[in-house]
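With these hints in hand, go ahead and build the complete structure from the sequences.
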Amino acid sequence: MLTLYHWEPNANSGKPMLALAEKGVKFQSHYLDLLNFDQHKPEYLKINPNGTIPALVHDDLVLTESTAIMEYADEAFPGPKLTPDDPVERWRMRWWMRFFDQYFAPSLSMIGWSIFVGPSVRNKDPEELKAAIERIPLKERRIAWSKAIYNTFSPEELEESRRRVGVGTLALEKALSDRQWIAGETYSLADINGFNLGYALPLAQPQLCNDEKTPHILHWLRAIYARPAAKATWKLGRTPMAERVKYLES
Amino acid sequence: MLELYHWEPNTFSLKPLIVLHEKGISFTSRYTDFVSLQQYALPANIAENVEVQHNPERDGPILVADGVPMTESFFITLYLDESYPEKPLRPADAYGRWQVLMWARFVNEVLEPAVSTLGAKQYLAPALAARDRRDVEKTISRMPTEEQRGAWSAALNNTYTDELVADSRRKIALGVRKIEDALAASDWLVGNAYSLADIDAYAILSPLRDLEADLLADAPRTAAWLVRIDARPAVQAALATSRTGKPQEAFTPGPEHSRWG
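Residue numbers (my numbering), protein chains in the order written: chain D, 1 to 250; chain U, 1 to 261.
Keep in mind that the hints are not guaranteed to be accurate.
Unchecked claim - From the structure, some residues in chain U lie toward chain D, with a derived Cβ separation under 10 Å: (1) Ser26; (2) His54; (3) Ala65; (4) Glu72; (5) Ile76; (6) Leu78; (7) Leu80; (8) Met102; (9) Glu109; (10) Asp132; (11) Thr244; (12) Ser258.
Worth flagging that the hints you see were computed from the coordinates, not collected in a lab. The structure presented is a predicted model; accordingly, all values stated were derived computationally and were not measured. We put the beta carbon where it would ideally sit given N, CA and C, even for glycine.
Here's what the structure looks like:
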C-alpha cells in the first residue's frame, strides 16, 4: 500500500510525484490544499506530526522530507534507477540537491510566498487565519507562514533572497554548461529536484533566466519537460501555478 | 588515488578521517591550516569548482578522487561508504538509509550552525584577533562568495550577538534531546548498528564537552554514546592526526543558520 500526500506538482510536493512517475510506480494520490492549510489539520497531523508536505506512506512506514523520500523511493521500488552508478556522480547529485534545498529554494520561495502565497490566503477571515497559524506545529514554519500572510518580509530579506536567486542561477548555468545533467551523464534525482525548483524560473525571473543569458538552463528544463513522466505529473496540477510549465512548450 | 584536504580532526574534517580509518582506505593527507586560511590558497583546478566555491560548510574537508574535488563532509562519507562497500557503515535497507539521511539533514541544518557559532566565538575569534589584521582582511576580500566574506568578517570582528548565542544554545539543547531520546531504544542512532549517522553527529557534538559541557549535563545516554565512539580504534587513529594537540578547539565559522527563523 503506497499513498503520497502532496500539493501541486511544484517545489517539494512535485519531487516525489515526478520520481515515482519516472519509475512507473503506482501510488494513491492524496491531494492537500496548502492554501487551505490542509497540512495542519488534525487528520494529517496524525500522519505527519510536523505538518509538512509531502509525506509518503508505504505500508506501516511514514517517510517525510521530499529529497530523502525520493532517495527512499529509488531504493525501495523497481523501475528505472534515478541514482547514477558512478559514486562521483552520486556525490554530485546529493551536493546539488542540498544546494537546491537549502540555498536556492528557500530564497526563491521567500519571493514566491511574498507575491503569491501571501496574497492568495490574506483575504480569508482574520480569526480563521490566526487560528490556522497557531495550529502549525514547527516554530520556523509558524514564523514563515506569519510573514507570508501578513507580508512582513523585510525589504532587506527580500533583496538578499533576490541576490541569492541570481547567484544560484549563475552557478546552475555554469554546472550545466559542463554536463548534460546535473550529476553528469545520468538523469537523476538532482534533475527532478532542480526541475521542481526551476521550471518557472524563466517566467518568474525573466531578466536573469532566459535563452540568451542562461541557454543551458533553458535547454535542460525543456529536455526534462519533454519526458512523458514530467508531462503526466504536471497534468495533475489544479492551479494556474502548475500551468506555468507550459512556457517550456515554446 | 584519494587525496584529502583537511584540518584538525574536529567537526567537518573529523568525519571523513574517521570513515577512512574505519574502512582502512589508504589516502594522501593534505593537512591545511584553516585558521591560517590556507584553504583559500588551493590549486586552481580545485578552487575554481562551483561545488568548492559554494560549499555549504564554507570551510570543510575536500576529497579529491579521479581528479574531482568533492565537498560537504557527510556526502564525502557517503561517497566513501558507497565506493568501498567492505565494512558497511549504513543499514542495508531503504528505510534505514532514509533514517541516516534524516539525521544528517537535522545535524547540518540545526546542530552544525549552532555548534560552529559557539566554537567560532570561543576559539576562532581570539585566534584571528592575534593575527595581522590587514593580512586576514586581504584574504577575506578575495574569498569567492559574499557568504564566506560575511562569515569570516563576523569571526574577525567577533560580532556574534547574545541573541545568536542564545539561539545556538536552544538549537543544541533541541538536538541533544533528540539524540537522548533515540538512544533510549538502542546504543546507536539508526537501528542497532554504528553508522554514518553516529559518525556525523559525534563529530559535531564531541567538542561540546569542552565548549558547553552544561548542555550535555542532563543527557547521560548521549555522554555514554560519545565515550563509546571515542573508544573506537578508528576514531583514536583519526584524532591522532592532530598537530595542535587540541583538535576540539579547531573551529571555522561553519554553515549559516537557516534564514527562515
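Outcome of the hint check:
1. Ser26: Because about 17 Å separates serine 26 of chain U from the closest Cβ in chain D, which is outside the 10 Å limit, the hint is violated.
2. His54: holds (6 Å)
3. Ala65: holds (6 Å)
4. Glu72: Where the cut-off is 10 Å and the nearest Cβ of chain D is about 6 Å from glutamate 72 of chain U, the hint holds.
5. Ile76: holds (7 Å)
6. Leu78: Status holds, d = 7 Å.
7. Leu80: holds (9 Å)
8. Met102: Check passed: Cβ of methionine 102 of chain U comes within 6 Å of chain D, closer than 10 Å.
9. Glu109: OK, holds: glutamate 109 of chain U within 10 Å of chain D, min 7 Å.
10. Asp132: Since chain D brings no Cβ nearer than about 31 Å to aspartate 132 of chain U, farther than 10 Å, the hint is violated.
11. Thr244: violated (29 Å)
12. Ser258: Cβ of serine 258 of chain U sits 7 Å from chain D, so the hint holds.
When held up to the earlier numbered hints, the structure conflicts with 1, 10 and 11 and fits the remainder.
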